[in-house]
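Visitor: Take a look at the letters that make up each chain.
8 protein chains.
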Amino acid sequence: MGLTVYLSGEIHTDWRERVIEGAEGLDVTFTVPVTDHAASDDCGVTILGAEPDKFWHDRKGALVNAIRTRKGLEDADVVVVRFGTQYKQWNAAFDAGFAAALGKSLIVLQPPEHDHALKEVNAAAMAVAREPEEVVQILRYVLTGTLPG
Amino acid sequence: MGLTVYLSGEIHTDWRERVIEGAEGLDVTFTVPVTDHAASDDCGVTILGAEPDKFWHDRKGALVNAIRTRKGLEDADVVVVRFGTQYKQWNAAFDAGFAAALGKSLIVLQPPEHDHALKEVNAAAMAVAREPEEVVQILRYVLTGTLPG
Amino acid sequence: MGLTVYLSGEIHTDWRERVIEGAEGLDVTFTVPVTDHAASDDCGVTILGAEPDKFWHDRKGALVNAIRTRKGLEDADVVVVRFGTQYKQWNAAFDAGFAAALGKSLIVLQPPEHDHALKEVNAAAMAVAREPEEVVQILRYVLTGTLPG
Amino acid sequence: MGLTVYLSGEIHTDWRERVIEGAEGLDVTFTVPVTDHAASDDCGVTILGAEPDKFWHDRKGALVNAIRTRKGLEDADVVVVRFGTQYKQWNAAFDAGFAAALGKSLIVLQPPEHDHALKEVNAAAMAVAREPEEVVQILRYVLTGTLPG
Amino acid sequence: MGLTVYLSGEIHTDWRERVIEGAEGLDVTFTVPVTDHAASDDCGVTILGAEPDKFWHDRKGALVNAIRTRKGLEDADVVVVRFGTQYKQWNAAFDAGFAAALGKSLIVLQPPEHDHALKEVNAAAMAVAREPEEVVQILRYVLTGTLPG
Amino acid sequence: MGLTVYLSGEIHTDWRERVIEGAEGLDVTFTVPVTDHAASDDCGVTILGAEPDKFWHDRKGALVNAIRTRKGLEDADVVVVRFGTQYKQWNAAFDAGFAAALGKSLIVLQPPEHDHALKEVNAAAMAVAREPEEVVQILRYVLTGTLPG
Amino acid sequence: MGLTVYLSGEIHTDWRERVIEGAEGLDVTFTVPVTDHAASDDCGVTILGAEPDKFWHDRKGALVNAIRTRKGLEDADVVVVRFGTQYKQWNAAFDAGFAAALGKSLIVLQPPEHDHALKEVNAAAMAVAREPEEVVQILRYVLTGTLPG
Amino acid sequence: MGLTVYLSGEIHTDWRERVIEGAEGLDVTFTVPVTDHAASDDCGVTILGAEPDKFWHDRKGALVNAIRTRKGLEDADVVVVRFGTQYKQWNAAFDAGFAAALGKSLIVLQPPEHDHALKEVNAAAMAVAREPEEVVQILRYVLTGTLPG
Numbered sequence: 001m002g003l004t005v006y007l008s009g010e011i012h013t014d015w016r017e018r019v020i021e022g023a024e025g026l027d028v029t030f031t032v033p034v035t036d037h038a039a040s041d042d043c044g045v046t047i048l049g050a051e052p053d054k055f056w057h058d059r060k061g062a063l064v065n066a067i068r069t070r071k072g073l074e075d076a077d078v079v080v081v082r083f084g085t086q087y088k089q090w091n092a093a094f095d096a097g098f099a100a101a102l103g104k105s106l107i108v109l110q111p112p113e114h115d116h117a118l119k120e121v122n123a124a125a126m127a128v129a130r131e132p133e134e135v136v137q138i139l140r141y142v143l144t145g146t147l148p149g
Numbered sequence: 001m002g003l004t005v006y007l008s009g010e011i012h013t014d015w016r017e018r019v020i021e022g023a024e025g026l027d028v029t030f031t032v033p034v035t036d037h038a039a040s041d042d043c044g045v046t047i048l049g050a051e052p053d054k055f056w057h058d059r060k061g062a063l064v065n066a067i068r069t070r071k072g073l074e075d076a077d078v079v080v081v082r083f084g085t086q087y088k089q090w091n092a093a094f095d096a097g098f099a100a101a102l103g104k105s106l107i108v109l110q111p112p113e114h115d116h117a118l119k120e121v122n123a124a125a126m127a128v129a130r131e132p133e134e135v136v137q138i139l140r141y142v143l144t145g146t147l148p149g
Numbered sequence: 001m002g003l004t005v006y007l008s009g010e011i012h013t014d015w016r017e018r019v020i021e022g023a024e025g026l027d028v029t030f031t032v033p034v035t036d037h038a039a040s041d042d043c044g045v046t047i048l049g050a051e052p053d054k055f056w057h058d059r060k061g062a063l064v065n066a067i068r069t070r071k072g073l074e075d076a077d078v079v080v081v082r083f084g085t086q087y088k089q090w091n092a093a094f095d096a097g098f099a100a101a102l103g104k105s106l107i108v109l110q111p112p113e114h115d116h117a118l119k120e121v122n123a124a125a126m127a128v129a130r131e132p133e134e135v136v137q138i139l140r141y142v143l144t145g146t147l148p149g
Numbered sequence: 001m002g003l004t005v006y007l008s009g010e011i012h013t014d015w016r017e018r019v020i021e022g023a024e025g026l027d028v029t030f031t032v033p034v035t036d037h038a039a040s041d042d043c044g045v046t047i048l049g050a051e052p053d054k055f056w057h058d059r060k061g062a063l064v065n066a067i068r069t070r071k072g073l074e075d076a077d078v079v080v081v082r083f084g085t086q087y088k089q090w091n092a093a094f095d096a097g098f099a100a101a102l103g104k105s106l107i108v109l110q111p112p113e114h115d116h117a118l119k120e121v122n123a124a125a126m127a128v129a130r131e132p133e134e135v136v137q138i139l140r141y142v143l144t145g146t147l148p149g
Numbered sequence: 001m002g003l004t005v006y007l008s009g010e011i012h013t014d015w016r017e018r019v020i021e022g023a024e025g026l027d028v029t030f031t032v033p034v035t036d037h038a039a040s041d042d043c044g045v046t047i048l049g050a051e052p053d054k055f056w057h058d059r060k061g062a063l064v065n066a067i068r069t070r071k072g073l074e075d076a077d078v079v080v081v082r083f084g085t086q087y088k089q090w091n092a093a094f095d096a097g098f099a100a101a102l103g104k105s106l107i108v109l110q111p112p113e114h115d116h117a118l119k120e121v122n123a124a125a126m127a128v129a130r131e132p133e134e135v136v137q138i139l140r141y142v143l144t145g146t147l148p149g
Numbered sequence: 001m002g003l004t005v006y007l008s009g010e011i012h013t014d015w016r017e018r019v020i021e022g023a024e025g026l027d028v029t030f031t032v033p034v035t036d037h038a039a040s041d042d043c044g045v046t047i048l049g050a051e052p053d054k055f056w057h058d059r060k061g062a063l064v065n066a067i068r069t070r071k072g073l074e075d076a077d078v079v080v081v082r083f084g085t086q087y088k089q090w091n092a093a094f095d096a097g098f099a100a101a102l103g104k105s106l107i108v109l110q111p112p113e114h115d116h117a118l119k120e121v122n123a124a125a126m127a128v129a130r131e132p133e134e135v136v137q138i139l140r141y142v143l144t145g146t147l148p149g
Numbered sequence: 001m002g003l004t005v006y007l008s009g010e011i012h013t014d015w016r017e018r019v020i021e022g023a024e025g026l027d028v029t030f031t032v033p034v035t036d037h038a039a040s041d042d043c044g045v046t047i048l049g050a051e052p053d054k055f056w057h058d059r060k061g062a063l064v065n066a067i068r069t070r071k072g073l074e075d076a077d078v079v080v081v082r083f084g085t086q087y088k089q090w091n092a093a094f095d096a097g098f099a100a101a102l103g104k105s106l107i108v109l110q111p112p113e114h115d116h117a118l119k120e121v122n123a124a125a126m127a128v129a130r131e132p133e134e135v136v137q138i139l140r141y142v143l144t145g146t147l148p149g
Numbered sequence: 001m002g003l004t005v006y007l008s009g010e011i012h013t014d015w016r017e018r019v020i021e022g023a024e025g026l027d028v029t030f031t032v033p034v035t036d037h038a039a040s041d042d043c044g045v046t047i048l049g050a051e052p053d054k055f056w057h058d059r060k061g062a063l064v065n066a067i068r069t070r071k072g073l074e075d076a077d078v079v080v081v082r083f084g085t086q087y088k089q090w091n092a093a094f095d096a097g098f099a100a101a102l103g104k105s106l107i108v109l110q111p112p113e114h115d116h117a118l119k120e121v122n123a124a125a126m127a128v129a130r131e132p133e134e135v136v137q138i139l140r141y142v143l144t145g146t147l148p149g
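If you're matching them up, the sequences are chains A, B, C, D, E, F, G and H in order. For what it's worth, full-length UniProt numbering labels the leading residue of the first sequence as 1, then goes sequentially. For what it's worth, full-length UniProt numbering labels the leading residue of the second sequence as 1, then goes sequentially. For what it's worth, full-length UniProt numbering labels the leading residue of the third sequence as 1, then goes sequentially. For what it's worth, full-length UniProt numbering labels the leading residue of the fourth sequence as 1, then goes sequentially. For what it's worth, full-length UniProt numbering labels the leading residue of the fifth sequence as 1, then goes sequentially. For what it's worth, full-length UniProt numbering labels the leading residue of the sixth sequence as 1, then goes sequentially. For what it's worth, full-length UniProt numbering labels the leading residue of the seventh sequence as 1, then goes sequentially. For what it's worth, full-length UniProt numbering labels the leading residue of the eighth sequence as 1, then goes sequentially.
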């Protein structure tokens with residue numbers, strides 16, 4: 001058994017690297033969104049032509065990015081959604097809802113201060129982790145039956 | 001043709017009333033989550049027993065509420081998701097993602113200041129409205145072909 | 001047994017009226033798109049605000065109209081798609097493809113001059129009719145077993 | 001992450017070659033319909049026996065071709081639909097509707113003169129491109145996060 | 001709880017009447033194919049125009065009839081398929097396979113002499129009945145918990 | 001919003017009556033399996049003929065009962081599964097798994113002594129209740145937003 | 001593009017060999033039912049124990065065989081169903097109905113004398129072939145665009 | 001044709017080893033739950049933090065284990081569920097129900113003493129086996145058409 005794991009959410013810390021490096025040696029295929037913030041914002045207009053109105057500038061980019069995120073979500077066995085301490089992060093919660101409706105196994109990665117605000121998201125999840133290393137430990141256990149320590 | 005419309009999201013203003021009253025006379029069945037904040041937070045422990053740990057207190061409540069929200073989302077033809085100016089509102093974005101994955105017609109109701117933060121949610125929507133009255137006008141047009149003015 | 005029938009396609013002749021009137025007395029619920037050409041083109045900007053760029057003007061309207069057409073297509077048992085002699089009518093063919101993928105019973109209503117150009121659409125259909133009255137006769141037969149004459 | 005991309009629509013220009021060659025080196029599997037016009041028209045009768053009536057001649061061929069096009073559409077992550085400047089091209093719009101109903105990511109490739117006639121198709125798409133090279137740039141960005149220039 | 005029951009198969013005996021009359025008073029909605037043999041054979045050409053080739057004559061009729069049979073099968077909770085002692089009755093077995101793939105509860109009504117030839121069909125069924133009255137008893141038991149005698 | 005609620009599991013106490021009576025006045029449609037133990041065991045052979053081998057006696061009955069239980073499970077919004085203190089009750093756990101795979105909201109009703117043995121079933125549920133009255137309170141809250149006390 | 005093709009139906013002639021050998025060199029994976037008539041009839045009782053009643057003897061075997069036939073049907077892109085000149089062949093028609101409900105591309109291989117009796121099955125098919133070599137030609141055309149001659 | 005087979009249920013005897021070793025040389029991919037009882041019970045709290053309340057201790061573990069069991073069930077062609085002579089084994093029956101709802105081919109492995117208690121589970125299965133070697137024989141027959149002896 002191998003797992004395909006989509007890593008959704010916050011893009012300003014190194015949590016993806018910590019998960020991917022920690023999972024080295026496990027039979028996991030990771031997929032991720034484009035995490036280059038500028039490219040992600042401007043991909044639509046760069047390829048398909050400028051838009052004077054920021055609303056449609058955003059729309060063009062969001063749709064192009066959705067080709068990748070939908071593919072990542074639909075192909076995944078497990079979707080990890082990271083909520084950081086900053087920003088609205090509505091796209092992370094949107095991905096969590098999307099994954100839940102598809103019946104994916106959801107792991108939420110978030111600091112305790114968000115517990116109450118994320119209670120609906122957490123209630124749809126198989127695990128609420130605090131650190132990327134816990135996500136790695138879950139993946140290792142799910143794939144090999146081995147617990148840490 | 002009638003429509004079933006689920007009104008998700010922000011619970012601190014009168015937007016639901018404005019939509020429901022505005023749509024009077026149209027063949028719309030509205031469904032809504034429990035909007036009594038205290039009841040919504042405490043329903044799990046009140047019915048099923050207290051929890052010393054707030055995390056599980058929240059979990060119990062969120063799961064009980066999910067019986068209603070899932071039913072509302074799954075039965076809906078149209079899901080309106082309202083983002084206000086306060087709070088994290090991750091459950092609103094979660095509902096939007098859930099609705100999108102189910103192929104529901106999504107209407108986002110939000111102030112322009114959230115445009116960029118909501119660009120992924122908006123890109124999955126059939127309409128981005130600013131005022132509840134616009135939602136009413138959309139429902140009226142969809143059902144009767146009549147435009148305002 | 002009753003049928004829900006969505007009448008898609010050409011909006012410049014009276015074919016919908018002929019089908020609906022002809023089917024009087026049968027247990028059929030008809031649904032139709034908005035057939036007011038101007039309202040259909042402008043619904044998006046009228047409700048949600050003007051767009052200087054015609055491309056987004058069209059996008060706003062098409063998305064609002066899709067709330068109705070998707071509902072009509074998804075609820076239908078039978079989808080009748082009419083191709084007239086004028087215009088590109090790509091939205092009619094799009095509806096036909098959408099209906100086919102959902103497994104709906106498709107009836108194509110078209111003049112013989114389009115036979116070759118519509119061969120892929122026809123091949124997905126249960127019937128290719130030439131006149132609205134033939135559609136009525138099919139509905140009558142399907143519901144009552146009665147043939148004309 | 002790799003992508004399977006079905007290239008639907010117009011068969012009289014070299015757009016497919018430009019997309020496929022441009023995408024060299026990317027992890028994309030392209031599928032295409034039979035683009036030999038004569039073979040596509042006559043496959044049914046050539047294999048299964050002649051038909052005196054052109055209508056059934058077309059039906060036999062369209063059904064045999066549908067084995068390939070349905071497989072292409074159903075296996076695809078992304079469906080690119082090209083509308084050229086000539087012909088009715090209803091099969092292209094039919095494929096677009098079919099892909100949309102299956103939840104595929106749709107890219108429409110069309111000249112601006114068709115914008116209004118294609119507004120419903122465009123509204124279901126992740127991108128509206130003008131040149132095959134833009135399709136390549138989208139695929140490259142979706143797979144590698146790299147933008148042109 | 002009510003049941004929708006589709007009565008498929010043999011059309012030359014009074015088994016449908018015996019089931020429907022026997023079930024009087026139960027909360028059952030019965031649906032049936034067109035059982036007028038001549039109308040069923042000729043519906044396509046009568047409405048849509050004659051065909052010199054019997055193969056296409058049959059195709060036209062079979063497709064028109066499929067509008068009704070697909071609706072009947074898809075809406076049913078229970079599909080009863082009757083195999084008589086004469087004819088090939090491949091459409092009955094086809095309906096049984098169609099119903100099985102949709103997850104419908106299947107009841108096969110057949111004489112013991114067909115047991116071996118129908119073993120694959122029977123293995124997909126909830127019950128193999130010999131007489132229409134047994135079908136009625138099953139429906140009564142399923143709806144009311146009452147057994148005969 | 002109304003709810004359809006299937007009451008699965010233990011048949012030797014009055015828990016179904018307590019739920020149904022407690023929910024009087026709420027917009028709930030309850031469905032239940034046949035709870036007459038003898039009828040449930042013997043329905044197959046009584047209607048379709050005796051079997052000398054108890055294994056096939058059971059099979060015939062279980063299949064006939066499945067017509068009702070599948071219908072109940074598939075139509076339900078909420079599935080309540082009651083585990084009592086006696087017997088194996090594997091059919092109750094089977095129903096719970098069936099309901100979970102269909103995405104139904106699951107409520108488990110069980111005494112605390114079964115907590116560990118039911119941990120996988122509970123983990124798929126929206127609520128674990130101890131008394132039928134708690135189930136009623138959940139249904140009342142879900143439908144009306146009203147909490148006890 | 002490769003195809004997975006399930007070869008269902010008649011087991012007393014060499015049609016499967018002719019299709020498989022004819023398709024040599026094409027990217028096709030063929031799957032077939034167990035075609036050893038005796039093994040197919042007796043597999044259930046041989047492995048799981050004798051049954052004095054032929055009805056249950058058949059049931060045991062049919063269910064074991066269904067593990068293979070369901071897998072073959074569900075994994076297939078194309079299902080070829082062969083009807084010979086002898087026997088009832090209800091399992092062939094059952095497979096055809098099952099495949100049709102799953103949306104598989106169906107090819108019927110049958111002699112003209114069965115045309116009328118198979119009209120419902122044919123109407124659900126992409127092609128009605130008379131000889132195994134025609135099936136091969138269809139597969140070659142679908143995969144390579146090459147027509148015979 | 002290869003098969004993916006999930007081995008669910010009892011973890012205190014060597015039945016999985018006997019099935020896996022017996023099937024050596026066959027094209028079968030076996031998947032299994034974590035069968036280390038202690039790890040399975042404690043995985044949640046070991047990774048995600050201790051819980052003073054055994055109920056939530058169990059919940060945390062059951063949810064983490066569900067990531068693996070859901071993946072195993074969803075990817076399987078065949079689900080073998082073993083019921084031993086001890087314990088409640090409700091998770092085994094839950095898995096059986098889950099598999100049945102997904103349309104998986106189910107094989108129940110159980111001693112005859114459980115026949116009556118398992119009649120609903122058995123009625124959803126393709127085979128009821130008594131010994132692991134019978135499961136192996138079924139898999140060999142399904143894949144190769146070869147019967148024992």
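No lab work stands behind these hints, which were simulated from the structure alone. Be careful, since some hints might not be right.
[Stated by the list, open to error] Straight-line Cα separation of at most 30 Å, DSS-like style, residue types lysine-lysine; simulated pairs:
#1 A:Lys88 x C:Lys88
#2 H:Lys54 x B:Lys54
#3 C:Lys88 x D:Lys54
#4 C:Lys54 x D:Lys54
#5 G:Lys54 x F:Lys54
[Stated by the list, open to error] Here are some chain E residues pointing at chain C (derived, C-beta under 8 Å):
#6 Arg18
#7 Asp36
#8 Lys54
#9 Phe55
#10 Val64
Yeah, the Cβ is synthetic: ideal placement off N, Cα and C, and Gly gets one too.
Visitor: For the restraint on Lys54 (chain E), tell me whether the closest CB of chain C is nearer than 8 Å.
Guide: 18 Å, violated
Visitor: Should the hint that Phe55 (chain E) touches chain C count as held when the rule is a Cβ pair under 8 Å?
Guide: 16 Å, violated
Visitor: Have a go at the Val64 (chain E) hint: is there a Cβ in chain C nearer than 8 Å to its own Cβ?
Guide: Holds, about 6 Å.
Visitor: Hey, Lys54 (chain G) versus Lys54 (chain F), does the alpha-carbon distance stay inside 30 Å?
Guide: 16 Å, holds
Visitor: Interface hint check: Arg18 (chain E), Cβ to nearest Cβ on chain C, cutoff 8 Å. Holds or violated?
Guide: This interface hint is violated because 20 Å lies over the 8 Å limit.
Visitor: Take the C-alpha atoms of Lys88 (chain A) and Lys88 (chain C), compute the straight-line distance between them, and say whether it is at most 30 Å.
Guide: Violated. Lys88 (chain A) to Lys88 (chain C) sits at ~44 Å, over the 30 Å cutoff.
Visitor: Regarding the pair Lys54 (chain C) and Lys54 (chain D), is the alpha-carbon distance no greater than 30 Å?
Guide: 41 Å, violated
Visitor: Are the Cα atoms of Lys88 (chain C) and Lys54 (chain D) separated by 30 Å or less?
Guide: 23 Å, holds
Visitor: Holds or violated: is the Cβ of Asp36 (chain E) closer than 8 Å to a Cβ in chain C?
Guide: 6 Å, holds
Visitor: Verify the proposed pairing of Lys54 (chain H) with Lys54 (chain B), using a straight-line Cα cut of 30 Å.
Guide: Roughly 16 Å between the alpha carbons, so the hint for Lys54 (chain H) and Lys54 (chain B) holds.
Taken one by one, the earlier hints fail for this structure at numbers 1, 4, 6, 8, 9, listed in ascending order.
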